[in-house]
Amino acid sequence: MSEETGQGEQAVELRGVVKEYRRDEFSVLALNNVDLDIPRNDFLALMGPSGSGKSTMLHLIAGIDRPTSGRLTVLGDDIGGMGEKELAAWRSENIGYIFQTFNLIPVLTALENVELPLLLTRLSKKQRLENAKTALDIVGLSDRLDHYPRQLSGGQEQRVAIARAIVTDPAIILADEPTGDLDAASAKEALNALALLNEQHGKTIVIVTHDPHAARYARKTRYLEKGDLLPEGQLPEDWFATTAPT
Amino acid sequence: MLRFVPLTFKNLLRNRRRTILTVASITMSLLLVGVLLSVYAAFYFRGGTEEEALRLIVRHRVSLAMELPQYYENRIRDVDGVETLTKFSWFGGKYKDNRPEEFFARFGVDPEQVFKVLSEVSIPEDQYQAWLRDRQGIAIGSSVVNRTGLKLGDRFTLVGDIYPIDLDVVVRAIFEGPEDNNSFFHWKYFEESLPENRRGEVGTFYIRVRSPDDVPRVAQAIDDMFRNSPQPTKTETERAFQLSFVSQMGNVKLFLLSIAGAVVFTILLVSGNTVAMSVRERIQEIGVLKTLGFTSSTVLSMIIGEAVLIAFVGGVLGTALTYLVTGLATEMLVGFFEGLIMPWWGVFFCLGVALLIGLISSIVPAIIAARTRVTDALRHAG
Ligand SMILES: Nc1ncnc2c1ncn2[C@@H]1O[C@H](COP(=O)(O)OP(=O)(O)OP(=O)(O)O)[C@@H](O)[C@H]1O
Ligand SMILES: [Mg+2]
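Those protein sequences? They're chains P and Z, same order as listed. Just so you know, this note's numbering puts 202 at position 202 of the first sequence, and the rest follows in order with no gaps. Just so you know, this note's numbering puts 268 at position 268 of the second sequence, and the rest follows in order with no gaps.
It should be emphasised that the hints constitute simulated quantities derived from the structure, not laboratory data. Yeah, the Cβ is synthetic: ideal placement off N, Cα and C, and Gly gets one too. Honestly, I wouldn't trust all of these hints.
Pair by pair, the computed Cβ-Cβ distance ranges are [to be verified]:
hint, chain 1, residue 1, chain 2, residue 2, range
1, Z, I363, P, E9, 44 to 52 Å
2, Z, R16, P, H210, 35 to 43 Å
3, P, T68, Z, I368, 20 to 28 Å
4, Z, L269, P, A185, 48 to 56 Å
5, Z, Y323, P, H201, 54 to 62 Å
6, Z, P6, P, D137, 16 to 24 Å
7, Z, W345, P, S27, 53 to 61 Å
8, P, E9, Z, P6, 34 to 42 Å
9, P, D169, Z, F265, 49 to 57 Å
10, Z, F9, P, D169, 23 to 31 Å
11, Z, I368, P, A185, 40 to 48 Å
12, P, R150, Z, I368, 24 to 32 Å
Go ahead and model the full structure; you've got the sequences and the hints to work with.
In structure tokens, the structure reads:
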């Protein structure tokens, strides 16, 4: 779908992106005129106080929400102009999304959870299972195929979720606080899996995190504050005062 | 679409108790609908046999309680197309202590004609002759034998209630056939037992016509013949005659349909609520599916598919139970309901109703789920 892009092309381009939530009387400016380029094969960490617009930004890049104004080009596609159906198909092909709470389907096994996104492709059952196994292999869970989510540890669950995010071989992986619900050891497992995907599989990765340890896995960290994307290298005021000491 | 079926199944197993309860309530309500439908069909749709199609019944135009003059018999016999006829007078009366399980109908008939008119009945020739010869003889159906234990040669008294007389009778014949909850004695014997002033009247005449094509014309001719007499007649097919009993019970059709309608409506609300509940619980998961690239219409059809599947299972079970129950009822209620069996189209009707219940109960929750924005769905944590 996305045309072949040369060196230096951006995976994600935000130009003057505004997102305003309107509820009755009041409105919230979740993103205020954001410009951002994320090169291909980058690993970016987004940080910032609660309510600063991090999740909103991820939603817009993933195409599960639309900007109020501004231009949003992802992998060369102007996703602001796509219809719901087209966008869903685009998402299934190009975006892998990882949630803080894993969000696995409890009635499906690890293998079936990972197979889920492939139901939307033309692959045969056999190919689907093969690809799902490969994805689980990449995150180191080949021995947990038939386990249900409740039979897995938090770290394993999140790795299943990562496998689900990469099974369609999307170019971009977005993760919203992927280690937020994990202990330190499990967080490390998950982050290592993401780093591997970035380094060996060439995935462009954006993670939102509160955890400075997690941010260290990224090549670059950008900060949001009250809907503003701060210039590179700049931190919100009182940032160290409000975050837990490392 | 087929590839989503396993997921649909697994979603149903998510809350087994709820699924089972929903299936059970749809099963029970479809059982009720199925039984009502069978009753309805037994009343209104039972196709008559070929023999039945040849029978006409003549009665007083005003009421079954009023009788016709005996001399009508000869005038009716002369109508072109009439092959034979018999008097058929309801005696009522009491047998022993009137226990309902021992109830059987008693008619005064013309023994020479009655089995020509009720041609499906089979009766051993020697017993028939014995009954013919004995003016106090009574012929009883096999179902009467089963329930009362009467046998050939037994004597008993029918105590009159409509008529001021008692009839002593002897069982001379046992017959089998569709009318086997009846008993027949000689109309002449009955007539002669009556006081002078009550003689010369007949309850109904049962006619056999030559061919089914003659039926409307013969009925018309008879009713025209007596139109202006003090006792006008109403001549109708056996089927229509039976239905007139039904309509004495009020507007049965409306009654049955409104009960069935209320049942279906209630179950719609119940299962609609269940679907809404399960969608609400899963709204975050629906947000996840959409994030993975599932379209609104896929989500919509998955939810509707689940509800339809549940309803269909309930429908199949309900229909199967209907067969069981109507079968049992037919065995127990011999006589009144000759065949309380769900008609073939009832199966399609019930399954159709089940599918509609699934569809209608889920359409609103499904649309709401499909329309929920992904970000809103994802925010519903837990
Ligand atoms: N669907 C919505 N409707 C209304 N307001 C919203 C909605 N989603 C987000 N907001 C508001 O937009 C602002 C940014 O929210 P967002 O979820 O992007 O913050 P965040 O940086 O991800 O915060 P956190 O670290 O707590 O997850 C907040 O003020 C939030 O209340
Ligand atoms: Mg957030």
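Taking the hints in turn, this is what the structure says about them:
Z:I363 and P:E9 have their C-beta atoms about 45 Å apart, which keeps the hinted 44 to 52 Å range intact. Checking the proposed 35 to 43 Å range against Z:R16 and P:H210 shows it holds: the Cβ atoms sit about 39 Å from each other. Take P:T68 and Z:I368: their Cβ atoms lie about 24 Å apart, and the range 20 to 28 Å holds. The hint said 48 to 56 Å for the Cβ distance between Z:L269 and P:A185, and at roughly 51 Å that hint holds.
Roughly 60 Å separates the CB atoms of Z:Y323 and P:H201, a value that falls within the hinted 54 to 62 Å. Look at Z:P6 against P:D137: about 23 Å separates their beta carbons, and that is inside 16 to 24 Å. Judged by the Cβ atoms, the range 53 to 61 Å given for Z:W345 and P:S27 holds: they are separated by roughly 59 Å. The supplied range of 34 to 42 Å is met by P:E9 and Z:P6, whose beta-carbon atoms lie about 40 Å from each other.
In this structure the hint that P:D169 and Z:F265 lie 49 to 57 Å apart at CB holds, the actual value being about 50 Å. Here the CB-CB span from Z:F9 to P:D169 is close to 28 Å, well matched to the stated 23 to 31 Å. The hinted range of 40 to 48 Å is satisfied by Z:I368 and P:A185, whose Cβ atoms lie roughly 41 Å apart. Between P:R150 and Z:I368 the beta carbons are some 28 Å apart, a value that agrees with the proposed interval 24 to 32 Å.
Violation of the numbered hints given earlier is absent; every hint is satisfied by the structure.
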